[in-house]
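Protein chains in written order, with our numbering: chain S, 1 to 113; chain U, 1001 to 1111.
Derived by calculation from the structure, the hints in this document are not laboratory data.
Treat the hints with care, since some could be wrong.
[Claimed, not checked] What follows is a list of derived Cβ distance ranges for each label pair:
no.	chain 1	residue 1	chain 2	residue 2	range
1	U	E1066	S	R15	51 to 61 Å
2	S	E68	U	D1067	24 to 34 Å
3	U	D1067	S	I12	31 to 41 Å
4	U	A1013	S	S27	17 to 27 Å
5	S	R59	U	T1079	16 to 26 Å
6	U	E1058	S	S27	29 to 39 Å
[Stated by the list, open to error] A short list of chain U residues far from chain S (calculated; beta carbon distances all over 10 Å):
no.	residue
7	Y1032
8	A1060
9	R1091
10	G1104
The beta-carbon is built from N, C-alpha and C at its ideal position, and this holds for glycine as well.
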Amino acid sequence: DTGVSQDPRHKITKRGQNVTFRCDPISEHNRLYWYRQTLGQGPEFLTYFQNEAQLEKSRLLSDRFSAERPKGSFSTLEIQRTEQGDSAMYLCASSLEGYGTQYFGPGTRLLVL
Amino acid sequence: DAKTTQPPSMDCAEGRAANLPCNHSTISGNEYVYWYRQIHSQGPQYIIHGLKNNETNEMASLIITEDRKSSTLILPHATLRDTAVYYCIVRVLYNNNDMRFGAGTRLTVKP
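Bound-form chain S, shown alone (with noise of 0.2 Å):
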């Protein structure tokens, strides 16, 4: 099964570090996106990918955040200077352009202490 999958599943790190994580989608996807999640809250929006272009930033994503997809497969997504407010788990997802059912990896589970 070529499902979404996303390394490291979890990462804990302190106040200030930077860390980067990846996603790999399923295979013939050319739309990524990026979600966060919180205890207790839905997954919430943070940006998307076709093929190589990002065409949307959440609000969310401040700019201690960057995402790159540079061949248009698999997808970084690098915190710089983190912080505590940080601690998530971090999921993307994927889907087939022209298709809106989007499929969802397992997560990175982020702690920043």
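Chain U: place on chain S using the hints.
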């Protein structure tokens, strides 16, 4: 995208049908109803979606009222592994932007 309202929690006995309601009274004619679930510490899992006709797949059935202002997700024979948070989302099918998740319904299946 239209807003949805779901009960915060529900219980269901193992082996019985679980009926999860969702109100979406402001739904537009081109908006679909999607259901996802999230088992603890995992990513959301797609279950089913529909426009106005009832839909069934191997996981669940989706019943949408004739006026499309509400829907019910039915898990016909709930198991302990169906314990999860269930999210009802309405959106345009070909809107490939974000999914707007609410707080969902926490379903607990009890033995």
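Hints, verified against the model:
Roughly 54 Å separates the CB atoms of U:E1066 and S:R15, a value that falls within the hinted 51 to 61 Å. Take S:E68 and U:D1067: their Cβ atoms lie about 45 Å apart, and the range 24 to 34 Å is violated. In this structure, U:D1067 and S:I12 break the distance hint of 31 to 41 Å, their C-beta atoms being roughly 50 Å apart. Separated by about 41 Å at the C-beta atoms, U:A1013 and S:S27 break the suggested range of 17 to 27 Å.
Separated by about 40 Å at the C-beta atoms, S:R59 and U:T1079 break the suggested range of 16 to 26 Å. As the Cβ distance of U:E1058 to S:S27 is approximately 23 Å, the hint placing it in 29 to 39 Å is violated. With a minimum CB-CB distance of about 7 Å to chain S, U:Y1032 fails to clear the 10 Å threshold, and the non-interface call is violated. In this structure U:A1060 is separated from chain S by more than 10 Å, as the shortest Cβ-Cβ distance comes to about 14 Å.
Separation of U:R1091 from chain S is inadequate, the least Cβ-Cβ distance of about 7 Å not exceeding the 10 Å criterion. The Cβ of U:G1104 sits about 6 Å from the closest Cβ of chain S, inside the 10 Å cut-off, so the non-interface label is violated.
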